[in-house]
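**Q** Sequence:
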Amino acid sequence: MSWIGRLQGAFVVWSLLFLVASLVGAASVGFQPERSRYKAPEFQAGYAARPRFVLSLFQDPRGRKAVIFDAASDSTAAGVDHEAIGRLADQLRVKGMQVVRTAGGDPIAAAQNADVIVLTCNLPQYVNIDFQALAKVMRGRYLLDYSGYWDNTDGDTAGLPIQNLARQYWPHWLDPDLELYVEHLREVVPEGDGILLLPGRQIHNTQARARWYLTLNVKLGGRRLYLWNPQKGTSFVTEYFEWVQEYQAKQPWAETSSIRLPKRDFSAILDFAPTRTLTTEEIATAKRCDVQWILFWSHQPDFRIADWELVPLETALAWTAEANS
362 MSWIGRLQGA FVVWSLLFLV ASLVGAASVG FQPERSRYKA PEFQAGYAAR PRFVLSLFQD
422 PRGRKAVIFD AASDSTAAGV DHEAIGRLAD QLRVKGMQVV RTAGGDPIAA AQNADVIVLT
482 CNLPQYVNID FQALAKVMRG RYLLDYSGYW DNTDGDTAGL PIQNLARQYW PHWLDPDLEL
542 YVEHLREVVP EGDGILLLPG RQIHNTQARA RWYLTLNVKL GGRRLYLWNP QKGTSFVTEY
602 FEWVQEYQAK QPWAETSSIR LPKRDFSAIL DFAPTRTLTT EEIATAKRCD VQWILFWSHQ
662 PDFRIADWEL VPLETALAWT AEANS
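Note that the numbering used here numbers the sequence shown so that position 206 is 567, with each residue one more than the last.
Read the hints as simulated data drawn from the structure, not as lab findings. One should not assume that every hint holds.
[Stated by the list, open to error] Cross-link-like lysine-lysine pairs, in silico, BS3-like; alpha carbons within 25 angstroms at most:
#, residue 1, residue 2
1, 456, 426
2, 580, 593
3, 593, 648
4, 593, 611
5, 497, 593
6, 648, 497
[Claimed, not checked] Distance windows between CB atoms, simulated:
#, residue 1, residue 2, range
7, 512, 569, 18 to 26 angstroms
8, 618, 554, 20 to 28 angstroms
9, 642, 595, 16 to 24 angstroms
10, 411, 603, 25 to 33 angstroms
11, 650, 541, 21 to 29 angstroms
12, 512, 470, 36 to 44 angstroms
13, 434, 613, 45 to 53 angstroms
14, 464, 423, 20 to 28 angstroms
C-beta: ideal position from N, C-alpha, C; glycine also.
From just these sequences and the hints, can you work out the full model?
**A** This is the structure in structure tokens:
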């Protein structure tokens, strides 16, 4: 064996010993996977100064009001740096938007008639804001969290969808909103029942983190989950990319009608429901697989309760029959 081979062998042995020692050490201290063991979410470099996340919310941004919850220039609050916030504000103004920076001030007063709120720091008056009060003074309902400090569920309760744009370090299966929704599904769907998962609309996102159905399949043990073309949808990243492209080309949503709900199963945000009627192929699949439920979802890397809606199969069939009558 050459010296390179011996060196490689030594590194392999050392790595295995380190792995075994780590596992034994973790077991000896009672290791449990918890979010507190990971770094706190933080804004992603380069995201803060990009205006496209705000601009994509409106067909015409001119005259729209954006309020940036930021700290004063001499503040030590954690979050997005002031230079990046300044560039973001300037670029939004160029597009005709009215931009207000709070600089540590009263968030509710600044949010009067706001179309979109952007959170950039961890000041208590922003992180712990009363979302119900915020919803009453806003003209629009869009909230963008660049720093990962807001709880999506709190915003949902007030009818305000929060888009989290921060980098999260905990694994996706520890997402707090996912855990809450899984608990709800376990209470509603009996063990042994089948669930057909259907995207409610187009799938644009190819981030692997958006495959929340993988985690649901594990956490909803005892229940049968069905997915279109699961061989690719649950496979390696390259096959997953193909799954997204093929579903986009298939366009099943083009044959259906969107359904607006008077009341949602779990979310309080009515007009974000991904619900729609079913295609002939989807109905045949539901009957062949003997499912009792349809789980509609919007394909996003950030898990939001508003993006998911559980519907009894009979209800979805009734929508379809009425739309086709």
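**Q** For each hint given before, does the structure comply? Return the numbers of the non-compliant ones in rising order.
**A** 5, 6 and 12
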